[in-house]
Structures are given as C-alpha cells and as structure tokens.
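Heads up: the sequence lines are chains A and B, in that order.
The C-terminal position of the first sequence is numbered 905 in the working numbering, with every residue numbered one higher than the one before it.
The C-terminal position of the second sequence is numbered 473 in the working numbering, with every residue numbered one higher than the one before it.
Hints were generated in silico from the structure; no laboratory data involved.
Fair warning: there could be bad hints in the mix.
[Unchecked claim] Taking lysine-lysine and the DSSO-like style, the derived pairs with C-alpha atoms no more than 30 angstroms apart in a straight line are: (1) B:K172 with A:K332; (2) B:K167 with A:K298; (3) A:K401 with A:K443; (4) A:K505 with B:K282; (5) A:K331 with B:K321; (6) A:K298 with B:K321; (7) A:K393 with A:K443.
[As the list claims (entries may be wrong)] Covered stretches of chain A, going by a simulated chain B footprint (3 or more residues, C-beta under 8 angstroms): (8) 302–310; (9) 326–336; (10) 503–509; (11) 769–780.
[Claimed, not checked] From the derived model, a few chain A residues whose C-beta atoms are all more than 12 angstroms from chain B: (12) L297; (13) V425; (14) A862.
The beta-carbon is built from N, C-alpha and C at its ideal position, and this holds for glycine as well.
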Amino acid sequence: MIQKNHGGKNHVDSSIRTQIQLKERIFIFLGIIVLIFIVYIIYLFNLQIVKGLEYKKKARNLTRREIIIPAQRGEIYDRNYDIPLVENVESFAISIIPGDIPDSEKIKIFKRLSRVLKIDVSYIEKKVPAKYYHLYQPIEIESGVSFDIVAYIAEHSEDFPGVSWRSKPKRKYRLSKSMAHILGYTGDITKEELQILYNEGYSPGTIIGKSGIERQYDRILRGKDGKRFKIVDVKERSLRDEKVEEISPVPGRNIVLTVDRRIQELSEKALGPRIGSVIVLKPSTGEILAMASYPRYDPNIFEGEDSEKLYKQLLLDPSSPFLNRAIQSAYPPASTFKVIMTGAFMEEVPNAKERTFTCTGSLQYGDRVFRCWRKNGHGTLNLFQGLAQSCDVYFYNVGLELGVERIVSYARDFGLGSLTGIDLPGEVGGFVPTPEWKEKVHHMKWLGGDTINLSIGQGYITLSPIQMADMVAMVVNEGTIYKPHLLKEIRDPSTGKLIKEYQKEILHRSHIKKGTFIELQKAMRGVVTEGTANVVITTKAVEVAGKTGTSETAMEDRFHSWFAAYAPYKTDNPDERVVVVVMVEAANEWEWWAPKAANIIFQGIFAHQNFEEAVATLKPWYMKSIRSLE
Amino acid sequence: MKKIQLKYFDFFLVVTNIILIFIGILFIYSSNITSVGVVFSKEYLKQILWAISGLGIFFLLSLYPYERLKTISAYLYLLSILLLILTLIIGKEVNGARSWIGFSDIGIQPSEFTKIAVILFLSSYISNTGEKIREIKHFLIALAITGIPAMLILLQPDFGTALVYLPVFLFVAFVGGSRIDHILFILLTIILTGTLVSISAFKDIVVSNTHFLFHFLDDSEVMFYVALSLLLVLLLAIIGYLFLKRKYFYWVIYSAGLFLLSMGATKLALRIMKNYQIMRLIIFLKPEIDPRGSGWNIIQSVTAVGSGGFWGKGFLHGTQSHYRYLPQQSTDFIFSILAEEWGFIGCVLVLTLFSILLIRGLFVAYKTKDTWATLVGSGIIGMIFFHVIINIGMAIGVMPITGIPLFFLSYGGSSLWTGLIGMAIINSMHIHQKITTV
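Hey, can you work out the whole structure from these sequences and the hints?
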C-alpha cells in the first residue's frame, strides 16, 4: 500500500468512511452502466428486429433503381394483313450523365454533342445546369434521334464521355391522314391517366394510346414493359458488377382491322374535302370496311418536335379535325327517316302499301301549314311512290295516323337513341324526342305539329352516321343488327399466329316481321330506280337500294346531305352486301353530294376499281366538280 | 515482491479487449473495401500497426506499478496542458479542428491522452482532499482541474472531445464522495443549457414560434429582466444565508444559480457554437428536416442499423456501407457498419464485450484498497462508458452527433492507445493487487 496514514485517528476514520461510501457509489455506477446497456439492447431489438423489415426495405430502395424496358407496341394492319398501317420506327433518345464528364471538358462536350444533334448548345446547357454537374443520373437531351447519329456517337464514344442512348421507337402511321380517326395516336401518359391506370401496370413515361384504336385496344397493343433493376451507390453510379435482375418485356400484339385499305381510300377520295363522313359497313357481320371523316389530321405530327404547338393549333381549329364525324356527330336524319316510317306504316296498318294520299304541295294542320319540298305537289301517291319521291305530305299523313308513341317506338327499334357500341372511344349517339321529354325539358306540350315534323325526320330527332348505317343494316339483315366493329383479329407479333378472332355479335333483333323488311328493301330499291336518287346513282356495277335525305339547317339554301344505301339489292350471298352511308354537312356549299359520293363508292367496290377508275367509268355529269377538287 | 507472471493478468480484461480490437480491425477493413472487393484505403493496416504497438504499451504498462503514477500525475497533467497549448499553436488542422500534433502523416491527438492525465491528477486531488471534497471550494477546484484542459480543447475547437471531460469529472467526483447536490448542480446545468440551446436553435429553424414559451424565450428584453431578478434573488439569498444561516436559503441560491448559469451558458453556447453544431442538435431532434444535408448521417446510420435485422447482411455485404451511403464508417459510424453486417447478434456481442470490460474494470477498482486507485479505475471506466453510449447512441439515433470515437473499434491510433493505456492501468491494479495478496 502506498497510501500513508499520516494523521490522527480522525483521518483514519474518515478515510474508512470514505472507502465505504466509495464502494457503495461504485455499485450505483455499475447499476447505471447495466441499465443503459439494457435500454440500448431493447432499443436495438426494436430497431433491428421489430422494425427490421421496414429498414431493410428502406435500405433496398435507396440502392435499387428500376429501369423500365419499354415493350414493343403492336402493329396495326387492315383486313388484307399485308402491310402494317402503323409500325414502329427505330428511334433513339440521347442522354447525358453529367457526373461522368470531367468538369473541365463539360462545355467542350456539350458543344460537340450539339453539333452532332444539330441543336443549339444553349438547349443542352439549359437541360444540364451547373447544379446538376455532380449527378450520375442520366438526363434526356433529345429524343427521336436517328440511328445514323447514334452510330456516329457510338463510333466516337471516346469523344463523348457521359453520353448514352436508349431505344425509343416512334410510331409511324402510313396512309396517315385517311386513317387518323380510326387509328388515333399515342403519347406520353399524363398524370391524370396514370392516376386511373396505375394499378394496371402503367408507369410514368409510358406511351399510351390517346385516341382511336390506339386507345381502345391499348392493352392489347402495348404488351408488358420489362424491368431492369440496377444497384447504385451513393453517387448514383450503377455498380456494373452487381448481378442485375431483369424482367424481359412482352411485346404487344398485332391487331388486324376489319377496314379494307382499298375501300377506305376510295371512300376518303369520294368524300373529298367536304366536311362530313362516310361509313362502309358489312351488314352480315357488323364489320366496318371503311370509315372516313373530314377534316382530318396527321397523327405523325405528334412524334415531331413542334408536336405541342401543332396539337394546340388543331385543337383550336373551328372545323374540329379531331372529331370523328362518323361516330361523334349527330344530325337530323331528314328524309332517310321515311324508311323507318314506311316500315312502321306497313307493320301497323293493313294494306298500307295500297294506301294513297294526295299531295298538293302542303298540308294544313290546325292553323299551321306544312309544306312539301316540292312546292307544286306530287299528286296522289301510294306508299312506295311516296318514299321514292320522298313526298313530305304523304309522310305527314302517315305520321298523324301512327301517332308519336308508335313513331318513337319504331325509331328506337331501328337503333335510334342508343349507342351502337362500336369499338372506338368517344361515340356520341343521336336523340329521339318524346312528349314527356319535351314537357320536362322545354315545359311545352307535344303538339301535332311536332309529330308532323318528326314524321319527316326533322325537329329534335338526331342520329349519327354509324347509327344510320345500323338502321340500313337492319333492313338488309331483315331485323338483325350486328354490333359494328373495327377489330378483326389479334395476332402474335413474331409468328403472326392468330390469337383471337372477333366473333360477330348481335346488337339488336327487331320484332318487326321479316316480310315487312323485304317490302322495305323493294321500297328502297324504288328510290334508286324511280325516285329521288335515280339521276345520281348511275353505277352499272351493282343494284343499289337506298334513301336520300336533305335536312334543313339554320342556314338558308344549305342542307345536310345524307345518303344511306346498300348493295347489291338482290343476292344469294348476304356476305357480299355492303351498307354505305355518306353524310355531308351543310357547311359545304350545297351540291347534294352524299348520293354522288356513294355512287362512286359502290362503283369502286363492286367493279374493283379505285377512285380514279370509278370516276372514269361513270363519267358522271358532276365530273366537273370532282375535277375541281383534284 | 514476487515476479510478475502472465497468469496475474486480468484474463477477462485482456481477452475481451483483444476481441474488441479484432472486431474493430475487421470492420475497418470492411469499411475500406468497395462492394466489388476493391480495397481503396489502408486504414485497416494502419490500425493493425496501432493495435500491435498499443498492445505492446498495454503489456509494458501493465507491469508498471500503478501507484507510481500517482506521484507523477501532477507532472503528467502539466505536460498535457502544455501539449494542448502547443497543439493550439502548432497543431495540424483536421476536420476544422486544430487537434493534431506530429510530423507529416504520423501524429497524435493530445486531447485523447490528456483524458488519462486528467483522470490521474483529478483522482490524486480528490483522494488527497478526502472528506473535504464535500466542501464547495474543493469541489470547484476539482472541477477546474478538469475544466482547464476541456476549455483548451474547446478552443481547437473540438466540441465532442471536450464534452467527454465533464462525465469523467462527474464519475470521479461521484465515486470520490462529492456531495450529490454538487454533482446534480453540474448535471442539471448541462441539461438545462442543452435544453435552452436546443429550444432556441429549434425555434429559429424549425417551428416559426408557435408556442408562447418560444416568444418568451426569444425576447431578449424579457430574458434580461428574468436574469436580473434571478440575480437579485441570488444576492438576497446569499446575504440571507450568510446572516441567518437558514438551510432554505441554500436551496434558493442553488436554484437561482442553476438558472442563471444555464442562461449564461446558453448565451455563450449560441455565440460560440458553429452553425453545423446547432444543426446537429436540430437534426437529432428532427432528422427529416434536411435529409440530404445534415440529416443524412443520422438517417443513413439508423437505416444501416435497422436493415441489419437479426443476423445481419453478412460480413462485407452491407449495402449502406459498401455503396458508401454511410459516412465516416471507420471512425464515428463503425458501429453502424457492424450492426448492418452482423445484425442484432453482432450488436449484442459488442455490447456484451463492453459490459464485461466495464464491469470487470469497476470490479478491479472496487477491489483495490487504495482510494486513488478506485477513483482512477472509475474515471477510466466512466470515460470508456461515456464514449460507448454516446457513439453507439449516435449510430442508433438516440444521441446527437458529436463525433467521438468508439474505443477499441473506431479507426485511430490516439483513441486506441488512450483506451489501452486506461485498461493497462486497471490491469496493473489487478496484477499488483494479486501480487500483494498472494
């Protein structure tokens, strides 16, 4: 012992006391140590075991980066399945990883890259500001870069440190303008779309169909994006040597449409630059052979650089080029409605065919006078003559005899007032007015005058061209409407194997007697042989049956022009038949164009001619006006 | 006196110590290597050299009769103070603090070794003072013995290292028989100052004065009057105490002094503390405030520890560490990399080893018949204990970041040597105890 007791008794006592106290306090000290260590172990237990998974996930998310490998989008073909209407064109996006470029060389490399990409260097500098210089995340500089440029950069890769590229195929639409309304176009998914579709495998940056078939069948076309997971360190550098998980993308499937490229082109040219639409439908199946709407747009512009500007420009165009008038516009059916009236009359009234009314040019009803389109009157007519001449007075009488309830009921039976369910987004149906509706909405009683107006397809009643086509299809099919559709087949993108074939689907079956339809067909044939369409339907290629319609509009001397027809009139093979509906809006200078266009279309389809050949064969008296269009 | 044999060595102490150092080297190696196995730093080799030389010192010093240290403790203390002053003048600046002294790459941190010198001299003073340590005068002298080197270190400025001196003083003073109210006074002052600094820092940056208390504390005029009235109370109470000798005056003085001192210390702290130090306090309370900046370390460390789970990700397989998300892996956050790679099991192992070391050390200190030796032992154990709880606490997010190393595990020669010298003194107590008793 080194400590010396150099003192008296007191000191020894206190020393002992201190010693004892000292020992006690060491135990307290020991207690503190043990206590804190236990607390720490409990805390660690909570951190590592209770919350361990949560932190594991957090740590994994910190280092894992998911890269989407976009799936190749399916191609779209017409029914001939030979040349794709839409295909993917190889295109690349160029990115810069700023951290991979030495600071001293950044400006030099930006300049070099801008020269190769033919863009302004300030554009790159704006995308990669100095505050990003330390980042190891790729920043996309330009997309839609061609293979040549990428090949050049790849060959001179030592001159382009930190520059990388990835495949970002562009959508290329052939026959671009004609098919725009059917095919639609694609674009980057928007925030709103993503909110709705997130759970269905869509992710930010996905290309999504925005309209038309591209949108309708997006799920078939898009396939399934693949994923690559890379592990990055704190500087976002990917650790190349780490094993990488990868989920390969599943390419989207190809779609074959019911559309016939040849008929589509024919219809488009027959319509010409007139605001309106054409539908060619195969009534035995509901297949759409052609669907044209004017004005059109070019979907390829959305892949270009000024896409946003051009899109806005189109959106503001007062003629609404985005509108697919064949399915998204409704007009009064006008005289075409007389087909339904004729059907109803025959079904409801015995010996209706023999019933005659005399047209003096007008009908007095109450204190109002309702005029026929022919001011001098048609004289005495039977039903078929009435339809052939499209005599308004005849059908005023028919309407008054049937009454509004029965007219409405037949109109609905012919598919008016309900959507056809065509496989395109955004269909808009027409409207069938009823006395209840008028009272509720306009707070006015339904008057006899309203019934008279309705009888000739005027007033509140409207329908879309596709509904019109279905109406004719019902006459052709003798009471059955097949759902109109554009999808024919789904095929495997690599082998071309047929995956799914669209099966025709009955949309509606009428309770009207078969015989009535056969009579109606005769009546419609009469319109072409003896009636209003006689002068215009000059084709010798096929026997056409149909009905014209000219509906009044707010503009004087301007009329919507309808022609709803089918051919051949008589056939043993119903598959051969086509329904053609042409609608030309009143905005065009009125020239009764709808039946003229239909004439060319029928000629082209049945004589297997293209537009120019059909016109050459028909040598129509209205050639002049066609020439002027070319 | 018998010949000292190896069997007299404190087996527990030596073995746990060597295991801890070994684990330390393993994880310094782990922190030196990238995820793909490229060794980018030679720290682990240096640490091996430090460990071998340190263990050499340990064995030599273990054989040295510890009592002799008491006689030279005053000289050691003075030498340390001189070294600290020298460091301030010619020291090398590392991480913003002038704390290094030496040539080129090889250098030491005098502030580390000073801890031992302070423990030795403080223990000498307290054991010599004996019962009188209960008097306030001697308590304050003891406080000054610790405070002078702490102040010199604060001037470097190395806040973390300076902080260690306070608990060392408290542990030694506590075991040395100081009055509990004296010790509590220091403790409460620290706590109160810490709270006031935190609140004032927090309200400036985090909350925009939502509570009336913040307004109150923020208003310097209010605070001035509060301070003034406290001072008045203090003076009156002193007068009262001197003349009337009533016990309750003492408590009034005690409380008023506590508050006044804390307020003064807060003012001072806010003036001298650097922005990043205030930020450390804030992010300790709310790391999400700046997750990519000052909150980064704490968030990454806690994530590393938590993601270790029960068994850990395996040695060299930590992602937080090898992808360099975790900062200062070999020094301040050595425990985080261990917790990530060895999991809960590894943490319990390390904590168990430390508790064996600490409890065994206290046991040796308890066994000595010599007050001075008991105090020295307590001081050393207290120092190591404080390092352990602060460093590990920082890694798991329960202590603010102070940048003090984990003894025996963290990379760094000065810290390792200091720890080993401390343990050698305790081992020496054990050996010489054995020799005298056998």
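Hint check:
1. B:K172 with A:K332: 57 angstroms, violated
2. B:K167 with A:K298: Holds, at roughly 18 angstroms.
3. A:K401 with A:K443: With a Cα-Cα distance of about 22 angstroms, the restraint between A:K401 and A:K443 holds, given a limit of 30 angstroms.
4. A:K505 with B:K282: Violated: A:K505 and B:K282 sit about 72 angstroms apart, past 30 angstroms.
5. A:K331 with B:K321: Within the cut-off at roughly 21 angstroms; holds.
6. A:K298 with B:K321: Since the Cα atoms of A:K298 and B:K321 sit roughly 41 angstroms apart, the hinted pair is violated (cutoff 30 angstroms).
7. A:K393 with A:K443: Holds, at roughly 19 angstroms.
8. 302–310: This one holds; 5 residues, not fewer than the three required, reach chain B with a Cβ under 8 angstroms.
9. 326–336: holds (count 9)
10. 503–509: Held - the segment 503–509 of chain A has 4 residues with a Cβ nearer than 8 angstroms to chain B, which meets the minimum of three.
11. 769–780: Result for this restraint: violated, n = 0.
12. L297: The claim breaks: A:L297 does not keep its Cβ more than 12 angstroms from every Cβ of chain B (closest is about 6 angstroms).
13. V425: Since the minimum Cβ distance to chain B is about 30 angstroms, A:V425 lies beyond 12 angstroms and the statement holds.
14. A862: Holds, because the least Cβ-Cβ distance between A:A862 and chain B comes to about 60 angstroms, which exceeds 12 angstroms.
Of the numbered hints listed earlier, those contradicted by the structure are 1, 4, 6, 11, 12.
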